[in-house]
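Asker: One letter stands for each residue in the lines below.
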Amino acid sequence: MLEGLRAYRMIAGMWVRAGMTYRVSFVVTLFGNLVMTGMDFAGILLMFSQVDSLAGWSLPEVAFLYGASVTSFGLAHLAAGSMPHLGRRIRDGSFDVLLVRPVPVLAQVGGDQFSLRRLGRFVQGGAVLGWSLVAADIDWTVAKVLLVPLMVVSGAAIFVAVFVAGAAFQIYAQDAAEVQNAFTYGGTTMLQYPPSVFGKDLVRGVTFVLPLAFVNWVPAAHVLGRPYPLALPGWTAFASPLVAAGCCALAGLAWRTGLRSYRSVGS
Amino acid sequence: MGSARLYLAVAARGFRRYASYRAATAAGVFTNTVFGLILVYTYLALWDERPDLGGYDQAQAVTYVWLGQCLFAALALQGGGVEFELMERIRTGEIAVDLYRPADLQLWWLASDLGRAAFQLLGRGVVPFLVGGVFFPTALPSRFDAWAWFAVALALAALVSFGIRYLVALSVFWLLDGTGVNQAMMICGVFFSGMVLPLNAFPGGFGDVARALPWAAQLQVPADVLMGETGVAGACAFQAMWAVVLLAAGRLVQSAATRRVVVQGG
Amino acid sequence: MDTTAEPEAGGEPGTGGEPGTGGEPEAFIALDGVEKVFDVRRRKGLLRRERHQVRAVDSLSFTVARGEMVGYIGPNGAGKSTTIKMLTGILTPSGGRLRVAGIDPSRERTRLAHRIGVVFGQRTTLWWDLPLIDSYKLMHRMYRIPDGRYRENLGRLVELLDLGDLLEVPVRQLSLGQRMRGDIAAALLHDPEVLYLDEPTIGLDVVSKTRVREFLRQVNAERSTTVLLTTHDLQDIEQVCSRVMVIDHGRLVYDGGLAGLHEVGESERTLVVDLERECPPVEVPAPARVVRVDGPRQWVAFPASESAAGLVARIAERYPLVDLSVREPDIEAVIAKMYAERAGRTPTQSS
Numbered sequence: 054m055l056e057g058l059r060a061y062r063m064i065a066g067m068w069v070r071a072g073m074t075y076r077v078s079f080v081v082t083l084f085g086n087l088v089m090t091g092m093d094f095a096g097i098l099l100m101f102s103q104v105d106s107l108a109g110w111s112l113p114e115v116a117f118l119y120g121a122s123v124t125s126f127g128l129a130h131l132a133a134g135s136m137p138h139l140g141r142r143i144r145d146g147s148f149d150v151l152l153v154r155p156v157p158v159l160a161q162v163g164g165d166q167f168s169l170r171r172l173g174r175f176v177q178g179g180a181v182l183g184w185s186l187v188a189a190d191i192d193w194t195v196a197k198v199l200l201v202p203l204m205v206v207s208g209a210a211i212f213v214a215v216f217v218a219g220a221a222f223q224i225y226a227q228d229a230a231e232v233q234n235a236f237t238y239g240g241t242t243m244l245q246y247p248p249s250v251f252g253k254d255l256v257r258g259v260t261f262v263l264p265l266a267f268v269n270w271v272p273a274a275h276v277l278g279r280p281y282p283l284a285l286p287g288w289t290a291f292a293s294p295l296v297a298a299g300c301c302a303l304a305g306l307a308w309r310t311g312l313r314s315y316r317s318v319g320s
Numbered sequence: 002m003g004s005a006r007l008y009l010a011v012a013a014r015g016f017r018r019y020a021s022y023r024a025a026t027a028a029g030v031f032t033n034t035v036f037g038l039i040l041v042y043t044y045l046a047l048w049d050e051r052p053d054l055g056g057y058d059q060a061q062a063v064t065y066v067w068l069g070q071c072l073f074a075a076l077a078l079q080g081g082g083v084e085f086e087l088m089e090r091i092r093t094g095e096i097a098v099d100l101y102r103p104a105d106l107q108l109w110w111l112a113s114d115l116g117r118a119a120f121q122l123l124g125r126g127v128v129p130f131l132v133g134g135v136f137f138p139t140a141l142p143s144r145f146d147a148w149a150w151f152a153v154a155l156a157l158a159a160l161v162s163f164g165i166r167y168l169v170a171l172s173v174f175w176l177l178d179g180t181g182v183n184q185a186m187m188i189c190g191v192f193f194s195g196m197v198l199p200l201n202a203f204p205g206g207f208g209d210v211a212r213a214l215p216w217a218a219q220l221q222v223p224a225d226v227l228m229g230e231t232g233v234a235g236a237c238a239f240q241a242m243w244a245v246v247l248l249a250a251g252r253l254v255q256s257a258a259t260r261r262v263v264v265q266g267g
Numbered sequence: 341m342d343t344t345a346e347p348e349a350g351g352e353p354g355t356g357g358e359p360g361t362g363g364e365p366e367a368f369i370a371l372d373g374v375e376k377v378f379d380v381r382r383r384k385g386l387l388r389r390e391r392h393q394v395r396a397v398d399s400l401s402f403t404v405a406r407g408e409m410v411g412y413i414g415p416n417g418a419g420k421s422t423t424i425k426m427l428t429g430i431l432t433p434s435g436g437r438l439r440v441a442g443i444d445p446s447r448e449r450t451r452l453a454h455r456i457g458v459v460f461g462q463r464t465t466l467w468w469d470l471p472l473i474d475s476y477k478l479m480h481r482m483y484r485i486p487d488g489r490y491r492e493n494l495g496r497l498v499e500l501l502d503l504g505d506l507l508e509v510p511v512r513q514l515s516l517g518q519r520m521r522g523d524i525a526a527a528l529l530h531d532p533e534v535l536y537l538d539e540p541t542i543g544l545d546v547v548s549k550t551r552v553r554e555f556l557r558q559v560n561a562e563r564s565t566t567v568l569l570t571t572h573d574l575q576d577i578e579q580v581c582s583r584v585m586v587i588d589h590g591r592l593v594y595d596g597g598l599a600g601l602h603e604v605g606e607s608e609r610t611l612v613v614d615l616e617r618e619c620p621p622v623e624v625p626a627p628a629r630v631v632r633v634d635g636p637r638q639w640v641a642f643p644a645s646e647s648a649a650g651l652v653a654r655i656a657e658r659y660p661l662v663d664l665s666v667r668e669p670d671i672e673a674v675i676a677k678m679y680a681e682r683a684g685r686t687p688t689q690s691s
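Residue numbers (my numbering), protein chains in the order written: chain A, 54 to 320; chain B, 2 to 267; chain C, 341 to 691.
Looking at chain A on its own, in the form it has when it is part of the complex (with noise of 0.2 angstroms):
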């Protein structure tokens, strides 16, 4: 672990000093993520432009759940945004190579590519959560202060648990890597909405099966008072550093047995 922690710092860090060298290029690419990972909140900004509230919540409501989402996702993308390209080191072959450095697979996976403009999806996703946390109507309490922070780690641990898991899946189906993006792309955009909006069916699977709910709805419900379409105990509004730690635990264990499988039975 440490040493995989370790290795993923030492890639990581090389990449950063490349990436410098060309700062015109790496300004201009920062900034256009920030914009295109902005378009999303354009679109929910025109739908206000439309309307007063969505399923009844408000705009800096809505902005709430939008910041989280997406300060949690784009944590988690600049730690684990190069796990989808594992597929095609595996199809090419150079998957291989990694196999045969002293250094954990996964940090290596993690660590490659690895690039500080991915960056701009957090800051903006950041923006948009601070203007929420004063323009949202909010009876703040100290658990409350403590919770957003919280969330916003969990959340991102949650979304590279589902990195890490995506990445495992690749072992099996190289070619389907398209299929994660389902859960982190599509995740991130879904949880960006009130969980009212969504069928009480979607709404289960996302709480009970892929909890990604805890990245933002369930703490969110609690810290802006409203109902949460399930019955959940009180104390689940807290229990996202759990929820996220197990998520954690059985991409591992996932990533672990997609490796010894493609270590028994080759590429």
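Source of the hints: derived by calculation from the structure; they are not laboratory data. A few of these clues could be false.
What the hints assert, rightly or not - Non-contacting residues of chain C with respect to chain A, defined by C-beta distances greater than 12 angstroms in every case (computed):
id, residue
1, L507
2, H530
3, G600
4, R609
Stated by the list, open to error - Taking CB as the label site, the calculated pair distances span:
id, chain 1, residue 1, chain 2, residue 2, range
5, B, D99, A, R62, 39 to 45 angstroms
6, C, P415, B, A97, 18 to 24 angstroms
7, A, A298, C, A561, 51 to 57 angstroms
8, B, Y101, C, P415, 34 to 40 angstroms
What the hints assert, rightly or not - Only part of the chain A face toward chain B is listed, based on derived beta-carbon distances under 8 angstroms:
id, residue
9, V81
10, E231
11, T242
12, G311
Computed from a predicted model, the values in this text were never measured in an experiment. Every residue, glycine too, gets a C-beta built ideally from N, C-alpha and C.
Take the given structure of chain A and dock chains B and C to it, following the hints.
Answerer: Same frame as chain A, now just chains B and C:
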């Protein structure tokens, strides 16, 4: 006549090439369906608040969503058609080889892209559309002529889509790195083609501008043609106008680029 | 704790379950009945799929001593790459016992990684978009190579492989030969005890090939690095290896010196004789025989294992001999012949 057969063969090759990625196609179908599902719910909530938003009723809004998912890959609304390959060839200089081929560069790539689009429409587009039609109330016409005009609008949309992406790809002759323009293309593509929200629902003057841009010819116009929300003649004329302008601009830029290649010696 | 110091063991104290005592020909690489079976699913019709098993490697047993240079050859799909992948821990064997430096590669892949170097001819271990030197810097830290050792090794490798001008060039801009040299340097920075090379000269021009071969000989001589290379180019083997292993259909069909390969392959040399005038085919004792007559020139085939002297004397005695030459057998033909005979004896083993 002989050259028509050549481009037909190029298109067929493009079709077959994309058809060979079966797992990727299945994955794309799944992802488009999931995104359609997410969008449908948000649109239903939105049209609950504003039942007549953009002149659509709820069923039309739902239809619009699934049409968007159906055409997303075929029209390469956020890029990802043959232009990536073209950019790569320009960047590596392999484009010089293409210029010596006894075929027109633009037509060659157009044919290849149309082949790709045809496959992605059938392979990736149809299933999400059917899923939407089965599980949600949609507003599809029963008249044959509406579908016929829709087919015409789709063909014109494919030309406009290629026209935009061809220009973007040729910019690499001057910029040498396609990252920035690709990003810009993605942003404009998704937003101004109406993947986020139907352009009809864009407010005020901003909406007027958005509906006049070439991206409007890709999803918004075919959707309106299908659902009878617009006069077909005017709509197709609008598309044809953009197709001609973009393809002509492509030719101009192409000849400038070719001169450049010749001067640089490849 | 162990008091025997191991200065050459790659920087990590206490590596290796069976510490090398140097000199004695202990089996550095040992395979005993190793096999690898792949499940292959083939599409039959729209939904039906047929499963069958392919034995990529079948009860493979051999040992390689420290410091040996071994060529590992065979036709495509014979199991060469599968063997290398098992030796490096990329693949787990389906059965048998496999040890490299006393380590089971599939179970202790990362520990083994410190002691081996791998060069894949057709894909690079370097970071494609970054300058060559960045890859080396990363290797330095990844393999925890002591600073002094790293500087020394890098300096030596850069000089020997002539990489000085290439260090700041992004890997993707290197030519194939340059990249291969860069890759070989990367594989040797951490002083591995064994170097695996999978088709190291594939696609290289003649000059680059010669350079790579020379370098390998030098590394072996200086550091007694064990070298195992797979190749299609028999000159690699002739110029680098003292021992050849031939694999076919996952089984070892030959293991020994290059000269011995000729005997096993029952190969023949050819004596080309030029006579003063056209003659009927010369009379020679079997198994030698005339295979071709063209005017005054005749071709006589005889077993490669026999000397040509007796034959030459006999012909010179009885015929008006003007000139003669001996043609060595083509090794490629030898191996092809060996494969053909094997295929004739045992039917193909798939499915």
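Asker: Output the numbers, in ascending order, of every earlier hint that fails for this structure.
Answerer: The structure breaks hints 2, 6 and 12; every other hint is satisfied.
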